[in-house]
Structure formats: C-alpha cells, structure tokens
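Q: The residues making up each chain are set out below.
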Amino acid sequence: MRMLAGLAAWIARTLAVILVIASVNFALVHAAPGDPAQVIAGQSGASDETLLRQLRAEYGLDKPYAVQLATYLGRVLRLDLGYSYRQQRPVLGLVLERLPATLLLTGTAFALALGFGILLGTLSGVRAGRWSDTLIGLVALVLYAMPVFWLGLMLVLVFSVQLEWLPAFGYRSVGAPLSPLGQVGDVLAHLVLPALSLAAVYLAVYARLMRTAIVEVAAQDYVKTARAKGLSRGRVIRDHMIRNAILPVVTVAGMQAGALVGGSVVVETVFAWPGLGRLVFEALNQRDYPVLLGLFLVMSVLVILINMLTDLLARLIDPRIGASARAA
Amino acid sequence: MNRRDFAKLALAAGAAGPIPFGITRAFGQTRGGILNTVIQPEPAILVSALNQQAPTLTVCGKIYESLLTYDFDLTPKPGMAQSWERSPDGLTYTFKLFPGITFHDGSPMTAEDVVFSVTKALMEAHARARGTFARLASAEAPDPLTVVFKLKAPFAPFLHAFDATTAPIISKALYENTDLRQNPNNARAIGTGPFKLKEWVKGSHIHLVRHEGYYRKGEPYLDEIYYRVIPDAASRAVALESGTIQLTQWNDVEAFDVPRLKALPNLDMTTKGYEFYAPHLWLEMNTRIAPMNDKRFRQAVLYAIDREALRKRVFFGLGKVATGPVSSKTRFYEPDVPKYEYAPAKAVALLDAMGLKPGADGKRVTLKYLVPPYGEMWQRVAEYVRQSLGKVGIDIVLEGIDVGGWAARCGNWEFEMSAPWTYQYGDPALGVSRSYIASNIRKGILFSNTSGYSNPEVDRLFEEAAVAQDDATRQKLYSQVQKILVEDAAVAWLMELDFPTFTDKHVRDLVVTGSGVNDTFARAYRA
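Protein sequence lines, in the order shown, are assigned to chains A and B. Start counting the first sequence at 1; every next residue gets the next number (the working numbering). Start counting the second sequence at 1; every next residue gets the next number (the working numbering).
If you are wondering where the hints come from, they were derived from the structure by calculation, not from laboratory data.
These stretches of chain A come out as covered by chain B in the derived footprint (C-beta under 8 Å, 3 or more residues): (1) 29-39; (2) 88-99.
Calculated pairs, EDC-like style, for lysine to aspartate or glutamate (alpha carbon to alpha carbon, straight line, at most 20 Å): (3) B/Lys368 / B/Glu414; (4) B/Lys312 / B/Glu376; (5) B/Lys443 / A/Asp35; (6) B/Lys443 / A/Glu49; (7) B/Lys120 / A/Glu58; (8) B/Lys202 / A/Asp186; (9) B/Lys202 / A/Glu97.
Computed from a predicted model, the values in this text were never measured in an experiment. Backbone N, C-alpha and C define an ideal beta-carbon position, used for all residues, glycine too.
Given these sequences and hints, build the entire structure.
A: As structure tokens, this is what we get:
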C-alpha cells in the first residue's frame, strides 16, 4: 500500500515536472527572434507577404500566444507531439525514426565510457603513485581536454582516410546490398568512430572519479580486515573496493547521461549520424517549433527515466540507500 | 570505379540504343553508373513548386523540369519546350512542347499541366514566380503540345522565368483542387525530370533513379544518383578526397579547403554553372540610420575596403570584385561606372568632409554588423570588413545570430550593417531592381529593398528597362541606372561570388548550362 502511494506520488510529480518543462520550452523557443516563415524566406532567395502569411497561418503563429501555449499543453497531455509542417510529417514519427540511432550511439558510448572508465580508474587507483597510474592519469587528462569534434576529425583522418579501416560517416553503407549479418557488421563498423569520440570525455571523467574513490576506499578499515583475513588481492578489489567505490561514479554517470544525449549533437554532425541531436540542431535553425518542442519533451522524459534507473541501480549496489529512505 | 560499376558499364555498353538527342559523341561508353554526391542542409520536402530553399532546388533540378534552360551566356535553350515565339507587340508568348513527355507516375505531361502549374500552383506557393506570373492576362492550352501566355503589359525578362527553379511543372491531375502543401503526393515527388525519387532515408540520403520514360531518348546516362546528407564541412571534404562522393556544389566545401582539394589529382574543379544565379555579395548599410544615410559615408566605406585583398585572402582567389549592382555574368552589365579603388586616404577625406571627426579613442562612429549565419565564410568577411573600416575610424561591432534571427532582423530593418548575398536570376528586372527600387521597400520581407535606398530616377529607369522591347534600349537604360547607383553607393558591393564545383575526374558533362548543378544531369556520365 505504501509502495503504491509512493508510486502514485512519483507519477504525479513526474507529470508536473514534464508540464513545467514543456511550458518553459515553449516560452524559450518562442522567445528566440525569427520564425519559420522568415527562415524559409531567407533560404529561398525571395519572399513576399503572401508567402509569410500562408506559412504563419500553417504553423498557427497567427493566433495569440496564450492560445498557442494552451493548445500545445493540451496536446502534450494527450501524448500528441504535433505535426511538422516543414517536413510534412507527424513529429512523433520523426522522433521515433531517429531515436534508435541516438540510443545506439549514446548507449554504446555510455557503456564504453562507464566500462573503461571504471576499469582504468580501478587500475589507476590500486597502483596509485606508480608510473602506470601517472600514464592513465595523463591519457585521461588528454581525452578530457580534447574537443569532441577535433577528436572525431582526427579519428576519421587516421582510421578512414589514411588506414581506410573504418567508414568516415553515415550509419550504414548506401547502395550496397548486404546480408542481414553483413548489415549488422556494417552498422557496427560505422558505429566505432562516433561512439569512441563521444565516449572519450566521459571515460576520462569516470576514470578520475573511480581512481579517487578507490584510493579513498583502500584506506578503510574493512579493506584492511579483508586483507588480514587472507582474501586474495583480486577478491578484495572486486568485492570490497569496487563495490563501495562505484557508487559516486554511477551517480555522476546517471546525471551525465542526459548531457550525453545533448552532447551527441556534435558527434552526430561530424559523423553524419542520423540521430536526434542533429534533428534538434536542424529544427532549431529552421525554427521548426513542433519538432523542437517534441524533441525537448522526449529528451526530458529520457533524462527523468535515466535518473529513475540510476536511483534503482544505486539501491541495488548499496541497499542502505533504500533503507534510509524508508526510515525517513 | 569499383567492380559493380564496371559490370554495369560493361552491360550498358553491350545494349545498343538509338543515338541520344542532340549528342554527336559516339554512343556506347556513356550509359550507366552511379553518382554519389552530397546535399546540405537536408531539404524539407522535394517539391520545388512549394519550397525554394537552396538544397531543395538542387535535388529537384533532377526531378522536375521547366520549359526552358539557359546557356552559360543566359541565352534560352530548349527545356520541355522545343521552340517558342514572341509576338511583335511583346505581349504573347507561344511555346511548343516536345512530344512524349511523361510524369514519373506514367501519365503524360501536356500543355494543361503547364497552364495549371504556372497559373495556379506557382501563383499560390512560389513567391518569386508570383512576381513574374502575376503579370499574365491569360494562359491557354489550345492543344496538348502548345502553351500560349498573354501578358497584361510587356515584360522583357519573361523568357528568363522558365528555368526549373522558377517554373517547375507539376501534375494537374495530382494537385488540382487540393491543399498544395498538404497534398500526400508531395512525398512521392512526381515530376517529369530524368531522375525520379526512389527512396529518402531522412537524415541519411536521397536516392534518385533513372526515369525510364524520359522523353529524350537514351537519356539520362546515369542510372542512379545518391544525395547524401553530410552536415559537417570537414567531413564533406574528407568524403570528396577519399572518393566516397564524386561531386560537391555551392558552399559544400569551405573556401579555405579549395586550394588543397584543387591540387588533388583525382578531382576537377570548375566555377562555371552559376551564371543564372550570379550570386552577388554586398555590404548593406541601413540608410535609415545616420551616418549611413549620407552617400559620402557609403562611398568612404567602398574606398576603405581592399576588395581585391578580400577576394584573395578570404575567398582564396575565388570570385571577382563586384563593380556595381549588376553581376558581369548577368545580361546588361555595364563596366564603365565610377570606380572605387582601395584608397583609405580618400575615405578619410570624405569622412572628414562630412564632419565625422574621430573622437579621443580614434573612433568616428560605432556601428553594429549582423553576421549572416550561413557558414564560416561570412564570419571571415565580417572580420575583414571590421579590420578595414577600423583603419579609417569606423568602429564595427560584430553581432552573431542564427538563421532565424538573421532573417527576421534583416527583413524588419533591425540592423545597421549586414552582408547579404542574392541571386540575379538572369535579368536585372528579376534579380537586381528588387534591392534598389522604392516600391520594394517592404517591411518584414527579406531580399526586398532592405537598405531603404530610394531615388526616383533609379525607380524610373528600372521600370522603363523592365518593359522595353529591344535589348539595345534596355542596355542603355540599365547602363544609366548602374552609373547612378554606383555613384550613390547604394550599398557597398563586395564580390561576384564563385562557388567551386568539385567533380571526380571520371565524371563528365555535369555542368552544361548556366544553372549548373541545379540542372538535370541528364547527360552526365562516368567515363
């Protein structure tokens, strides 16, 4: 019963947050100077009153602001994301079409960053002060300092242009009939460089975080106890140190997962990866309000979901969190 | 060439066909092949009658055709019309269409479709075409292969309004009595061009294939065209370098990459094929704001900018310094106009004479420059202008903005300086006069007379030239108006822009008209 009440409260809270986000998005998007009619005119090399009037009527921009906002929120509640007049398609379809590509890219990058970040951070932490620790720290610093687009371009220059190992852009080979298995391999080959570029910065962050946590944990009494009772070095690290050190990393990673989706704009642009990030960028440039608002909404829902997953994960790793929440 | 292409070529070479229309070259080695190129930004829809944004026009040039095409010197050539006639009074134009033209859905294209497109579809949805076709008194189709246009009053550039970007022909059967923008056929992109839409994977590529029913026998020579969406300029350059794509156009490649790419052995570069558009770049000064309302100030600006250095340093040698409002690529260009060589001393003298003295910090006046958000180039142009004008005491503050904001603020006159570039569309009456005549000072409308320049004499000359019957009279009037505008320094003309079209050495005959990469590619082939 208490759990059900908790769930209901959570849902109500989430809905309220989503509505607030939607209203703020709406206000922000409409506060930017210019509208879709003018953008289209600007790129058509000619314009007249008729064109502007037609386009504004089509977008509903001829109605008062409050009416536009009310219509929009009403639609959001009905899970209707609207219609892109520019692309002549429902927004939901546009978003769903691009969602898999973004999830694949950010998911892979996230897994890479977290996996290698934890691995490198642990290696570095247990060897604190030794040359391998310094080397890992140096690599992490370089990765962290490198702009994503530059790293992406360098990877392309080395692996696509010079070595010709991997494709430079796109998400699959165009115009090449492939077997189903070949298609999977094809997509994976296209995924390597963008995922690496996107993962680099986060990998560095997680590695540093993990190292600090490991160093801290290593000095704790229970680690000394574990060693004293004769556990192997591997088991001490795996069961006692990592398990305790990982929590801050997971918390930060959860918070950054949202940023990862946003950060993919640059990588998607450099690698012509047809994901949500690029759709955001294009919609913003074109003042395609319905698409822009729809994307913001989907992304905020994604962030909320990821935060929820992080919470659950944290409780799984450290049962004390759930217990203390219940006690309070 | 990869193995697959080779196999296709071999197949094509074996299949003998009739001699292609208008081609004297031996047949056999030209058919077949795939062209990979790039389109950026991705078009919103592929119906050029409804959307005239630059990338839409480039792709739609393969899908739709109009009655005419234009040579590099802008002489009309047959498009879907094989011949045409103008009545002596300049009011009636009769076009004879080629027989056997079909839409991609298999239905025949007739004079009725032309009349519908011009008088209904374009009048409703195409701002630029509306400007011309609003002058029609009537349009008729006496038989399926004949179209007769009657004008209310003579309009000299009428024959230059029938390129595929101004007057694309769409199907009456599919579009009549429908809401054009909501028509479900928009997704199918049904035209009469040599290539038809096969597949469009949003965010990835547009796939065009040969229209087997194309009326020019044997054409097109290519089997397929892929327009790939590659949003990053550096990635596009890499794709070109590595041979993944065989063509870039317009500003796909940034000017600073041009010298490097030009040196590559596998690529050819040309700047031909933009004559119909003749993009013209200028520094626009809002003449509603002092001191830009004083012609001496505007002249000083022209003297203060070393435009030849701009051409060499910023545009890496592409393009030509503009001498006045009409591009030398467009008809009725007048070279003999007042000259503004690079002379900072003259600029200083003019500014002093105006009483615009430098303050204690050396600045005479501070003006804001709205940087056009269309790429790295325009930022560099802005920085160059700021440096140049700073040397004569005109302080420039650069304002960054995105596409939507730029269009809104320029259209609404909420700018002090900016540097727009516009197309000339083959005739001063279509693409030049609009920026200078007082009747086109229209708030909210981009690419109208946004500087607010107004001169009754200029209005009169442009009006007379637009309706004059013979080219000699028109030349005289246009020469006169160019001299006045340049003397007045209505705006500070900077450059006749050239865009580099890079093609793989094995791709031939892509650029064959003044519309270049926006044309059909019907005779392009891979050697």
